[in-house]
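One letter stands for each residue in the lines below.
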Amino acid sequence: MENKDLKLLPYKFKIVGYALLAISILVFIGAFTEIISVEKAIIKNVLFNLVLIAFLILAISKEKIEDERSMKLRLVAFAATFLYGVLFIIVSPFVNILFHGSFEIDIHAYQLLFTMFLWYFVVFYFMKKFN
Amino acid sequence: MKNTIKVERAKKDMTQEDLAKLLGVSRQTVNSMEKNRYAPSTILALKLSKIFNCSVNDIFQLENTD
Numbered sequence: 001m002e003n004k005d006l007k008l009l010p011y012k013f014k015i016v017g018y019a020l021l022a023i024s025i026l027v028f029i030g031a032f033t034e035i036i037s038v039e040k041a042i043i044k045n046v047l048f049n050l051v052l053i054a055f056l057i058l059a060i061s062k063e064k065i066e067d068e069r070s071m072k073l074r075l076v077a078f079a080a081t082f083l084y085g086v087l088f089i090i091v092s093p094f095v096n097i098l099f100h101g102s103f104e105i106d107i108h109a110y111q112l113l114f115t116m117f118l119w120y121f122v123v124f125y126f127m128k129k130f131n
Numbered sequence: 132m133k134n135t136i137k138v139e140r141a142k143k144d145m146t147q148e149d150l151a152k153l154l155g156v157s158r159q160t161v162n163s164m165e166k167n168r169y170a171p172s173t174i175l176a177l178k179l180s181k182i183f184n185c186s187v188n189d190i191f192q193l194e195n196t197d
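Which chain is which? The protein sequence lines are A and B, in order.
Per the working numbering, the first sequence starts with residue 1, numbered consecutively.
Per the working numbering, the second sequence starts with residue 132, numbered consecutively.
One chain only, chain B, in its complex shape (with noise of 0.2 Å):
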């Protein structure tokens, strides 16, 4: 699975820190999420989505090998 974590975060101008804080969530959470070493679980990509703005499909798509 890959995501838009990185843009969508760039877009809002906002740091990993920055993000992780709003998520409650660690900045290497937010690193490996990133670096799709980590898949959120659906709790976490409604919060993204919210905070983002943007549908879950958007963040989200499956590749693939999923």
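The following block holds chain A by itself, in its conformation from the complex (with noise of 0.2 Å):
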């Protein structure tokens, strides 16, 4: 019978993502410890880009044993995660406006896929392992 799952990587393909988010470290302590002597920015966007590549291998990469539970654990962790960020979005000036006193949204792009990341692996892994 036709698959019409979604189409992941090769397991093999976590090696990658936990190698570039080891990387990802030795380059934060290296910028941290200024053994790297580049350019603040630079760096940053490096590591944030790093990080972000990490996450996302790591997302879209079989289990050790795919199946369909797993697939199905994934399909709505993913729809968390989207209602996580619109909620994100929503409720951010309203935090900015309680902590800040100002109600304009100053989110940058890799926080928000970062702590969508963050949330997508805490719904993803809690959900495989409890449900």
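Just so you know, these hints were derived from the structure itself, not from any lab.
Do not rely on the hints blindly, as some may be mistaken.
Pairs of lysine-lysine residues, derived as DSBU-like cross-links and limited to a Cα-Cα distance of at most 30 Å, are as follows [what the hints assert, rightly or not]:
1) B:LYS142 to A:LYS4
2) A:LYS72 to A:LYS62
3) B:LYS137 to A:LYS129
4) B:LYS133 to A:LYS64
5) A:LYS64 to B:LYS181
6) B:LYS142 to A:LYS128
7) A:LYS129 to A:LYS64
8) A:LYS4 to B:LYS143
9) B:LYS166 to A:LYS40
10) A:LYS4 to A:LYS128
11) A:LYS14 to A:LYS4
12) B:LYS152 to A:LYS129
13) B:LYS152 to A:LYS7
14) B:LYS178 to B:LYS137
15) B:LYS142 to A:LYS62
16) A:LYS14 to B:LYS143
17) A:LYS7 to B:LYS142
Label-pair ranges, simulated between beta-carbon atoms [as the list claims (entries may be wrong)]:
18) B:ASP197 to A:ILE42: 50 to 60 Å
19) B:LYS142 to A:LEU112: 26 to 36 Å
20) A:SER37 to B:ASN167: 38 to 48 Å
21) B:ASN162 to A:TYR11: 18 to 28 Å
22) A:LYS7 to B:ASN195: 32 to 42 Å
23) A:THR115 to B:LYS142: 41 to 51 Å
24) A:ALA79 to B:GLU194: 50 to 60 Å
25) A:LEU6 to B:ARG168: 45 to 55 Å
26) A:LEU112 to B:LYS137: 37 to 47 Å
By construction, the Cβ of each residue, glycine as well, lies at the ideal position given by its N, Cα and C atoms.
Taking the hints as your guide, dock the two standalone chains into a single complex.
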């Protein structure tokens, strides 16, 4: 029977994701201890991109045993993450006015995507373990 | 929907891991099905009926709330 599920990267790509995450931690430590003497803005951009690529690879690569339940949970986690992202944007101005007295939205796309990925991983692995 | 996967598995003297390997799913998926937390697809239900050598209706029964 034809499978119309999401097409995911093979499980081996998780290693690539973790490796990129490790590299970004090393870059962060290097920049923090000033071993790497490159402009802070460049380091920041490289770091954000590395982390996002690592998270993306980890999110769209298969589990060790990928089955219909893990696919269902993945789709639920993606939906929950989308709702979280929308709510984050809606609620942020109110949080801003509470703590900073300004109604302006000052969220960097990286910040939003970073927390969305974290939310996705928490939801997915929590459901996988306890549901 | 309730099921008799645990009973059928016990009859065949299989562990969740054994059944999971035969089905090509994870052990947690078998556990979730046994505890009625996950309703399997038709394909998985048919695979179960083949392994347990009985009809799908013998394994899965609708409840009043379904």
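>> Need the list of violated hint numbers for this structure, in ascending order.
In response: Hints 1, 8, 9, 15, 16, 17, 19, 20, 24, 25 not satisfied by this model.
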